[in-house]
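Protein chains in written order, with this note's numbering: chain D, 4 to 234; chain U, 91 to 324; chain G, 956 to 1197.
Please keep in mind that the hints were generated in silico from the structure rather than gathered at the bench. Some hints could be false.
Computed Cβ-Cβ distance ranges for the label pairs, DEER-style [said to hold, decoys possible]:
1) D/V63 - U/P175: 53 to 61 Å
2) G/R1065 - D/M4: 55 to 63 Å
3) U/K141 - G/S1093: 39 to 47 Å
4) U/F284 - D/M4: 38 to 46 Å
5) U/K317 - D/T36: 18 to 26 Å
6) U/E152 - G/R1059: 20 to 28 Å
7) U/P175 - D/L192: 18 to 26 Å
8) U/N216 - G/R1077: 45 to 53 Å
9) D/L192 - U/T283: 46 to 54 Å
10) D/T140 - U/A144: 47 to 55 Å
11) D/T140 - U/L173: 54 to 62 Å
12) D/L205 - U/R285: 36 to 44 Å
13) U/L173 - D/Q19: 24 to 32 Å
Beta carbons: idealized from backbone N, C-alpha and C, even for Gly.
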Amino acid sequence: MLEIINDYWLFFLIGQYPHGPLGGLAGTLLLATICLILALPCSILIAIGRTGKNRFWRGVTFVIVYVMRGTPFLMIIFWAHFLGPIIFGTSIGAFWVMVIALVLYESAYLAEVIRAGIESLPYGQTEAAKAMGFSRTKTMILIVLPQVMYNSFPALLSQFVSIIKETSLGFVIGVHEFTFAASQVNSILLVKPVEIYLILGLTFFIVCFTFTSAARWLERRIGKSQGVLPA
Amino acid sequence: MSFESIAVLQEPYLSWLLQGLSLTFALFIFSWTIAFVLGFLLLLMRMSPIKVIAWIPAAYIELARNIPLLVQIMFWYFAVPMLLPDFLQKALNRWDSGFILAGLALGFCMAAYFSESFRSGVRSINNTQVEASRALGFSFLRTMQYIVFPQALRATIPLIMNNTLLLFKNTSIAMAIGVHELMYQVLSINNDTFRTFEIFFVATIVYLFFSILIMIAGEFAERWAKKSRRASNA
Amino acid sequence: MITVENVNKSFGKLRALQDISGNFPKGTVTVVCGPSGSGKSTLIRTLNRLEEIDSGRITIDGRDIYEPNINLDQFRMSLGFVFQQFNLFPHLSVLDNITLAPRRLKGIARDEAEQMASDLLRRVKLSGKEHEYPESLSGGQAQRVAIVRCLAMQPKIMLFDEPTSALDPEMISEVLDVMGDLASEGMTMVCVTHEMGFARSVANSIWFLEDGQKHGEFPVDDFFQGTTDPRISLFLSHLNRE
Chain D
4 MLEIINDYWL
14 FFLIGQYPHG
24 PLGGLAGTLL
34 LATICLILAL
44 PCSILIAIGR
54 TGKNRFWRGV
64 TFVIVYVMRG
74 TPFLMIIFWA
84 HFLGPIIFGT
94 SIGAFWVMVI
104 ALVLYESAYL
114 AEVIRAGIES
124 LPYGQTEAAK
134 AMGFSRTKTM
144 ILIVLPQVMY
154 NSFPALLSQF
164 VSIIKETSLG
174 FVIGVHEFTF
184 AASQVNSILL
194 VKPVEIYLIL
204 GLTFFIVCFT
214 FTSAARWLER
224 RIGKSQGVLP
234 A
Chain U
91 MSFESIAVLQ
101 EPYLSWLLQG
111 LSLTFALFIF
121 SWTIAFVLGF
131 LLLLMRMSPI
141 KVIAWIPAAY
151 IELARNIPLL
161 VQIMFWYFAV
171 PMLLPDFLQK
181 ALNRWDSGFI
191 LAGLALGFCM
201 AAYFSESFRS
211 GVRSINNTQV
221 EASRALGFSF
231 LRTMQYIVFP
241 QALRATIPLI
251 MNNTLLLFKN
261 TSIAMAIGVH
271 ELMYQVLSIN
281 NDTFRTFEIF
291 FVATIVYLFF
301 SILIMIAGEF
311 AERWAKKSRR
321 ASNA
Chain G
956 MITVENVNKS
966 FGKLRALQDI
976 SGNFPKGTVT
986 VVCGPSGSGK
996 STLIRTLNRL
1006 EEIDSGRITI
1016 DGRDIYEPNI
1026 NLDQFRMSLG
1036 FVFQQFNLFP
1046 HLSVLDNITL
1056 APRRLKGIAR
1066 DEAEQMASDL
1076 LRRVKLSGKE
1086 HEYPESLSGG
1096 QAQRVAIVRC
1106 LAMQPKIMLF
1116 DEPTSALDPE
1126 MISEVLDVMG
1136 DLASEGMTMV
1146 CVTHEMGFAR
1156 SVANSIWFLE
1166 DGQKHGEFPV
1176 DDFFQGTTDP
1186 RISLFLSHLN
1196 RE
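Bound conformation, chain D alone:
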């Protein structure tokens, strides 16, 4: 196992870069980060639609969330793979197909996290803002969202772990990421699958578990500070 790490660590880490696209673990993390950055604003809009008063937007966002939650992520990936080139008129490459698929899928899940945050905020907060003369939009931006983003931060971090794990499915359309790199190494060496998949699995574990633990730690901290809030 050490031998494989010794020979292929750079490949595991960054794929063929700089002689090819950035891949490996770096590709995975890049993909997950881009997805989170793009999906977060989308999910906030969906969550606002879901909790809002406008029936039309409530319906639309409800359908988006439930379709995404009810469809296997692989199906979304294949849809993006198929429709991406049609919509953009040109091949956009597996990496960006995967970004689109992840953003579509994760926006729905993140939206549910944020919606839960909005709904768990004491009603007095919006009421106080209302009584002071803040419009609905200003209340959302100045009062509700800052608190929701703070309170939901641990849950969002946990969702980031899900995103990291989901990037591995980019493998099926040939995205250059960590799982892809490992299976390439596997097909070069052929006789070392146990070692290679152990390296792959354990590395994923170290990365994901770090974020999971951080999320738990933050949750305890935030939970504690909320515990002493006056009413």
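Got chain D; can you put chains U and G on it based on the hints?
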């Protein structure tokens, strides 16, 4: 778009689809059973007073939940057979090894999620409930039967339904190791007909249909749980 | 200044307000009291439309606040509303809680808003708390900040919805003192409260509500001495027993 005009719903593709769907179901039921039973066993181990025994399921659950399912399936498919003795390897190959290993991988991974759901159900019960029951003169077993179990069930069922949905959707990942379940068949039909939009559309509807069934069941379970919780508070 | 005419409000079958009418004159303090569930909180909440009425009319300075083209946010800026649960914004410091509305709604510069906030905090004996967060304040401090937060918008009227009900007994007076000071400066105030000592010393008149109905409006002294209404006697005797 009438039913007959959908080319991918004509033979032989209809049979392909149905075969895929039945294998998806088989995989779903197989792995769900493993996940449920193993999840429960993990919970029992975790409640053990002996530290080492309690520690094993805790560590396993962290592993299973922090490694992508695809990687776990690949490990089961590519690596685990190498670790097995010869006769088991042969036995595996005589059967559909892809199906069995994917089912095991799914079941073992989801067992971690199931176990966590069971545990949060048990933890949702306040210890004062047990004390109150014991003070009334109920034995430990009666307390479990009348007080703890019914309440834990209420808190757990919605979570289990959510895990069930996740498991159902995740059966599609078995296609990555060549199990001929629905997603695999869909891609085969696509390669054969190039009617991508049609076949993807049909497949999405099929998946959505069953997902929505599970979600509706979950919704009912949640309502039932909330209602009976309110009733018990009154 | 505020006129209420034949206001009705129901929650499902419950008739929370039945045909309420009356005046809250400028520069006066009115205490609204009554047993719990009498509709007093509902009444004060309709005055800035946190609760919508079913029928009737509410005018403030002659303007119908239910007219369709009223700018509700603009209108609410001229009314201060103090909640039982304070409802300070936990993600903002005391200073930001106070200056948020003046800055964002009136466009007042940060320096000016902060200066005003500090002045107001000194008046309620909370100097030095500017940079603390609501979670570190006691209930009495939090409610005084909530009052200052309203005052920073220079409201014409202050509405208080049971401002001391969520407080520990030893903190009640520090909030009532602030309210008393405010009254002596001539602020128009409507207070829903059980604090009869406050009512006796600060209020000009008292409304008594029960079961959604107004059972009279009394000058302060009459309420405590001269009324013959058995409901009021019963209410006062219950309060005294507490």
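Results of checking the hints against the structure:
Distance hint check for D/V63 and U/P175: the Cβ-Cβ separation is about 57 Å, which falls inside the suggested range of 53 to 61 Å. Distance hint check for G/R1065 and D/M4: the Cβ-Cβ separation is about 60 Å, which falls inside the suggested range of 55 to 63 Å. Range check, U/K141 to G/S1093: Cβ separation about 43 Å, and the 39 to 47 Å hint holds. One distance hint, 38 to 46 Å for the beta-carbon pair U/F284 and D/M4, holds here, with the actual separation near 44 Å.
A hinted range of 18 to 26 Å for the beta carbons of U/K317 and D/T36 is inconsistent with their spacing of about 43 Å. With their beta carbons about 45 Å apart, U/E152 and G/R1059 fall outside the hinted range of 20 to 28 Å. Checked against the hint of 18 to 26 Å, the pair U/P175 and D/L192 passes, with Cβ atoms roughly 23 Å apart. Checking the proposed 45 to 53 Å range against U/N216 and G/R1077 shows it holds: the Cβ atoms sit about 47 Å from each other.
In this structure the hint that D/L192 and U/T283 lie 46 to 54 Å apart at CB is violated, the actual value being about 37 Å. Checking the proposed 47 to 55 Å range against D/T140 and U/A144 shows it holds: the Cβ atoms sit about 51 Å from each other. The hinted range of 54 to 62 Å is satisfied by D/T140 and U/L173, whose Cβ atoms lie roughly 59 Å apart. The supplied range of 36 to 44 Å is met by D/L205 and U/R285, whose beta-carbon atoms lie about 42 Å from each other.
Judged by the Cβ atoms, the range 24 to 32 Å given for U/L173 and D/Q19 holds: they are separated by roughly 31 Å.
Of the numbered hints stated above, those contradicted by the structure are hints 5, 6 and 9, listed in ascending order.
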